[in-house]
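Chains as they are written, first to last, in full-length UniProt numbering: chain R, 1 to 562; chain G, 1 to 562.
Each hint should be verified, as a subset may be incorrect.
Heads up, the list lumps identical chains together, so a pair's fine if it works in one copy or across two of them.
What the hints assert, rightly or not - Taking lysine-lysine pairs in the DSS-like style, the calculated list, with each CA pair at most 25 Å apart, reads: (1) Lys-232 with Lys-149; (2) Lys-441 with Lys-325; (3) Lys-501 with Lys-325; (4) Lys-149 with Lys-184.
Bear in mind the hints are in silico, worked out from the structure with no lab data behind them.
Protein chains: 2
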Amino acid sequence: MSNWKFRLQSAYATVTKGCRHVPHKPRDPRGISHSRLYHAKTFFTPLSRARAPQILVASSAAVAGIAALILSASSQRKALAESEPPQRLIRLHEIHQHNSTSDSYWVYHGTSVYDITEWVPNHPGGEVILRAVGGNIETYWNIFTIHQKQEVYDILEQYLIGQIDPRDLVEGKAPMDDVDDPFKADPQRSDTLVVRSERPCNAETPEDQLGTFITPSNQHYVRNHLWVPDVKDGDNHRLVVELTDGTEKEYSVAEIRNNFKHHTITATLQCSGNRRAHMTAEARATSGLQWDIGAISNTQWTGVRLRDILHDAGLSVDMLPEDAKHVQFVGAEAYGASVPAIKAVDRYGDVLLVFEMNGKPLMRDHGFPLRLLCPGHVAARSVKWLNRIVVSDEESWSQWQRRDYKCFGPNEGSKVDWDEATSIQETPVQSAITSITNISKNRLANSELAKVYGLEEDAVKVAGYAMSGGGRDIVRVDVSPDDGKTWRQACLIDDESKGSKAWSWKRWEIAFAKHDVAKHVVVKAIDESYNCQPESYEATYNFKGNLTTGWHRVRVSDDGGV
Amino acid sequence: MSNWKFRLQSAYATVTKGCRHVPHKPRDPRGISHSRLYHAKTFFTPLSRARAPQILVASSAAVAGIAALILSASSQRKALAESEPPQRLIRLHEIHQHNSTSDSYWVYHGTSVYDITEWVPNHPGGEVILRAVGGNIETYWNIFTIHQKQEVYDILEQYLIGQIDPRDLVEGKAPMDDVDDPFKADPQRSDTLVVRSERPCNAETPEDQLGTFITPSNQHYVRNHLWVPDVKDGDNHRLVVELTDGTEKEYSVAEIRNNFKHHTITATLQCSGNRRAHMTAEARATSGLQWDIGAISNTQWTGVRLRDILHDAGLSVDMLPEDAKHVQFVGAEAYGASVPAIKAVDRYGDVLLVFEMNGKPLMRDHGFPLRLLCPGHVAARSVKWLNRIVVSDEESWSQWQRRDYKCFGPNEGSKVDWDEATSIQETPVQSAITSITNISKNRLANSELAKVYGLEEDAVKVAGYAMSGGGRDIVRVDVSPDDGKTWRQACLIDDESKGSKAWSWKRWEIAFAKHDVAKHVVVKAIDESYNCQPESYEATYNFKGNLTTGWHRVRVSDDGGV
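Using the sequences and the hints, build the whole thing.
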C-alpha cells in the first residue's frame with residue numbers, strides 16, 4: 001500500500017509543478033491522466049488524515065465524472081479485452097479473496113467478474129467502494145440507484161476479466177450480498193417538494209414558495225449527497241476541532257449552545273446546480289441533477305460564530321498563523337468541504353455553527369443537530385451534520401471540494417485537469433422569474449405598482465428573486481417584457497435581512513402594460529460590484545452545468561401566465 | 001440661506017422615503033427633479049461639514065451631466081425668455097454686487113448677463129463656481145477648458161437676463177477678470193502618456209507599457225479631476241482624522257511614516273471610465289473622457305494601514321460603533337470620496353495611507369505627499385493629496401461620490417434619480433487584449449507556448465491583462481481566435497503580487513496557429529466568484545459609460561498584428 005502511495009505522490013508532485021502557468025500541459029507519459037493520479041492521492045492520503053468514518057459513501061453529483069476520468073486507462077483495457085476475450089471461469093471464493101484487504105480489487109455483476117483495482121482511485125464516492133469489492137456490486141447499486149445508468153455499466157465493462165464458474169451459480173444466478181440500506185432512516189418529507197432524485201434525496205422548493213422571503217423550513221430545498229444521519233441525542237452529538245498543530249478540542253452541541261453567544265442571520269442557500277436545466281436547454285448537455293429555479297431557499301439561521309469556537313479552541317483568529325489557510329469540515333455521513341480561513345474568522349463574514357432554522361431546531365434534512373452556515377458561498381460549503389473541523393494549510397481533500405464543485409471553459413470536455421480549476425466558494429450574481437400574473441386594470445387601480453409604472457390598463461405583473469455571492473447586495477434588477485429589446489427597473493422589496501452583509505436574496509416585482517408584453521419576459525440582476533449576468537448560456541457553459549446564471553427567459557403563455 | 005437649506009432638506013426627506021421599493025417614483029409636484037433638490041443639499045450642507053477649502057473646483061467627468069439636471073428649470077426659464085426677450089441693460093457694478101456674498105448669482109459671458117442662481121446647486125464642480133459669480137465666467141472657462149463646448153453654452157443661455165450697458169464696454173468688449181491659473185504649477189509629464197484632456201490632466205498608460213506587470217511610475221495613467229496641489233514640504237503636510245463624535249487628531253506625514261508599521265502591497269488602479277470608448281463604439285454615445293484600454297496601471301505601494309491610523313485616532317476598529325458606516329476622504333484640491341468602514345478596518349482589506357510608489361516617494365500626479373490606496377475598489381475612491389479623513393454614518397457628500405461614479409440601466413437616459421443608484425466601490429471582472437503579434441514557427445520552436453498549445457507552424461501570440469474587484473483573483477481567461485466561435489484558455493502568468501488578496505491585474509498570454517485566427521480575437525475573464533464579463537456592451541450600457549467590461553474584441557490586421 002505504501003509503495004502505491006509513494007508512487008502516486010511523486011507522480012502528482014511532477015504534475016503540479018508550474019501548473020498555474022500551463023493550463024494545458026502534456027499528459028503523463030504513462031498515459032494516465034493527472035486527475036487519476038491526483039485522485040489516487042486523495043484516496044490514499046487525505047481520508048486517513050481527516051479520519052473519515054469507514055462507511056458507505058457515494059456522490060450523486062460526482063458519478064457523471066467517472067466516464068471521463070477512466071478513459072485513458074479504459075482504452076488500454078479495451079484493447080486488451082478485444083485481443084483476448086476473457087473466457088476464464090472464476091470461483092466465488094476466489095472473488096471473495098480480492099476484497100479490501102487484498103491489493104487487487106474484484107467485483108461481480110450478473111455472472112461477470114471485473115478487476116477494478118486500476119479504477120478504484122477514481123471512484124467519485126471515495127474509498128467507500130472498498131465495501132463492495134470482493135463481492136456483488138449490484139447490491140450497492142440497488143441502494144445507490146444513481147449508478148443504474150449506461151455510462152456506469154460501460155465503465156465497468158472495461159474491467160471484465162472472466163465469468164463466475166457455473167458451479168457457484170444457483171439457477172444460473174450469482175448470490176446477492178445482504179447489505180443494510182442506509183437510506184431507510186431518511187426522514188419523512190413534505191410531498192410538495194419537487195423531487196429530482198430519491199436516494200440520495202434531492203428536491204426543489206416548489207415555485208409557489210419561491211415568492212416568500214423566508215422559506216418555510218419544510219419547503220427548503222433538499223440537497224443530500226448521501227443518506228441523512230440519524231442522530232438520536234442531538235445535545236450530546238460531538239464536534240471535534242483540530243488546529244494546524246494537531247491539538248484538538250471537543251464540544252458537545254449542548255456546550256456549544258450554552259457557552260457561546262448566539263447570533264441570528266438571514267441567509268439564502270443556493271445549490272451550484274440551481275438552474276442547471278436551463279443551461280442544458282439553452283446550450284448543451286450537462287451532467288448532474290437537472291435543477292430548475294428551486295434549488296435555492298432563504299432562512300433565519302441561529303447559532304454561534306465559528307470565529308468564537310475557533311478562538312476558544314486556541315486559534316489566533318485576529319492574526320491567523322501562516323499555515324491556517326483553510327478550515328475543513330466533515331459531516332457525520334463523511335461529506336467534506338472547506339472554506340478559506342479568512343472567511344471563517346471574518347467578523348463580518350457571519351460564518352455560524354447553526355442549531356436552529358426559523359426559530360426551531362434544525363430539520364434532519366438540513367443538518368440536525370449541527371451544521372455550518374457559510375453565507376455568501378455556494379451551499380456545498382455549509383456542511384451538514386457537522387462532527388469535525390480541521391484548520392489546515394490546504395483545502396479539504398474530499399471530492400466535493402476538489403472535484404464536483406468547479407467550473408471549466410465552454411470548450412473543455414470532461415477530460416479536464418481538475419486541480420487546475422478553482423473550487424467554487426462565493427457565487428456569481430443570479431436572478432430568476434418566479435411568477436408572471438395578469439392583473440386587470442380594476443385590480444391594479446391605485447396599487448403601488450400602478451403608480452410606480454404609470455399603468456392604467458390591464459397589466460402583467462412579473463416577480464422573482466435575485467442574489468449574489470459574498471454578501472454583495474443587489475443594486476438593480478432589469479426586466480424586459482420583449483425578450484431583451486427594452487428594459488425597465490424592477491422594484492426591489494425591502495425585506496429585513498439580519499446579518500453584517502446582504503446574505504439574503506432580494507425579492508423584486510414589476511408590472512407592464514399587457515400590450516407591451518411579448519412572447520418572452522427576461523430578467524438580469526446587477527450586484528453592488530456591478531457584475532451582471534451573462535446574456536447567453538454558451539458563454540458560461542461548463543460540462544458540469546455549475547453556476548448557471550444566464551438571463552432567465554420565460555415564455556409568456558397566451559393568457560399572460562407562465 | 002438657512003431657509004433655502006431647510007426647504008431643500010425637507011423636500012429631500014420626502015423623496016428618500018421608501019425609495020428602495022420605488023425606483024421610479026413620481027417627480028416632485030413642483031416639477032423640480034429630485035436630483036436638483038438633492039444636489040442643492042449636497043451643496044449647502046456637506047461642504048461646510050467637511051470643511052472643504054473655498055477654492056476653485058471643477059469636475060471634467062461631471063460636466064456632461066449638467067444638461068440633464070438643468071432641464072426642468074431651464075424649460076420654465078426658456079418660456080420666460082421667449083415671452084419677454086431680455087433687452088435690459090445692466091451696469092458692471094450691478095453685476096459685481098451679485099457675487100458669492102449675495103443671494104442671487106450673476107455672471108457675464110461676452111456682453112450677455114446671466115442670473116445662474118437657480119442652477120448653482122447643480123454645478124458638478126460644486127461651490128467653486130461661487131468664485132466666478134459677480135464677474136466674467138469666460139475667464140474661468142479659459143482655464144477649465146472642458147467647459148468650452150456647446151452643451152455648456154446652451155445651459156448658460158437659459159439664464160440670460162440682459163446685456164452689459166455699452167457705457168461699461170471697451171471697444172465693444174467687456175473686461176476680463178484676472179484669475180490665477182491653478183494648473184500652471186502642474187508637474188512635467190512623460191510625453192509617452194496618451195493625453196485625453198490637458199486641464200485637468202487625464203492621460204493613459206501607453207499600450208507598450210500595459211504588458212509589464214509593474215507599471216513604471218512615470219507611465220502610470222493620470223486621472224486628475226482638478227489641478228495638482230503643489231505641496232512643497234511633504235513631511236509637514238497635515239492629515240486630520242475626525243471620528244463620529246467629532247473628536248479630531250492631526251498627524252504630519254512624517255509622523256505617519258515614522259510612528260506606524262510600513263506595509264507594501266501590489267495593487268492595480270483602474271478608472272471607472274477605462275474602455276469607455278468601447279462602449280461608445282459598440283453600443284451608444286456615453287459622456288465623459290473616451291478612454292481606451294490604458295486607464296489602468298499596476299504599482300507597488302508602500303504606506304501604513306488606515307486601520308492602524310484610525311485605531312490610533314481612537315476608533316474601535318475591531319468592533320465598529322453603530323454610526324461608523326463610512327470613512328470619507330478629502331484631498332488638498334477638495335476632491336472627496338468615501339469607502340465603507342468595514343473595508344477601511346478589514347485586516348485583510350489592505351487599505352493603506354501611501355507615501356511611496358515603486359520604492360520612491362509618490363509622484364505629484366499620484367498624490368504626493370500622501371494618498372489613500374483602497375485596493376479592489378474603483379480608483380476614484382483612492383483619494384490623492386489626502387488632508388482629511390472623516391468617519392461618518394453617511395457616504396461622502398461630494399459629487400464624485402453621489403454623482404459621477406454610478407451606473408444606470410441601459411434604458412435610462414440622463415434624467416436619472418442619482419440617489420437611487422449605488423456608488424461604485426468594488427469593480428466587476430475585466431480584461432483586455434494589449435498585444436497581438438506574429439511568431440514564425442522558427443522563433444516559436446521549443447518555446448513554452450509552442451509546447452502548451454502544441455504549435456508547430458507560424459502562430460499568432462495574443463497577450464493582455466485581466467482583473468476583478470474586491471481582491472477576487474482571476475481563475476480563467478478564455479480567448480477566441482474567431483470572434484467567439486471557439487475558445488481556449490490562456491496561460492496566466494504567475495507574477496508576484498504582495499498583499500492579503502489578489503489586488504493586481506493578472507497578465508495572460510496564448511498562441512494560436514495563424515491559420516486558426518479569423519478577423520477578430522476576443523477575450524473574456526472569469527474571477528474566483530465565477531463572475532464573467534458581459535458579451536455585449538448593450539447589456540451593461542449606461543449613459544455615463546462607467547465600468548465598460550464587454551468582451552474585448554480586437555480586429556486582427558492582415559499581417560496578423562493589431
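Checklist entry - With identical chains treated as interchangeable, where does the CA-CA distance between Lys-232 and Lys-149 reach 25 Å or less: within a copy, between copies, both, or neither? => result neither (35 Å within a copy, 77 Å between copies)
Next on the checklist: One pair to classify: Lys-149 and Lys-184, alpha carbons no more than 25 Å apart. Within, between, both, or neither?
Outcome noted: within (22 Å within a copy, 77 Å between copies)
Checklist entry - Quick one: Lys-501 to Lys-325, C-alpha cut-off 25 Å, is that within a copy, between copies, both, or neither? => result both (23 Å within a copy, 12 Å between copies)
Checklist entry - How do Lys-441 and Lys-325 come out at 25 Å by Cα distance, when the copy is not named: within, between, both, or neither? => result Neither: 58 Å inside a chain and 43 Å across chains, both beyond 25 Å.
Hint compliance for this structure: hints 1, 2 are not met, and every other hint is.
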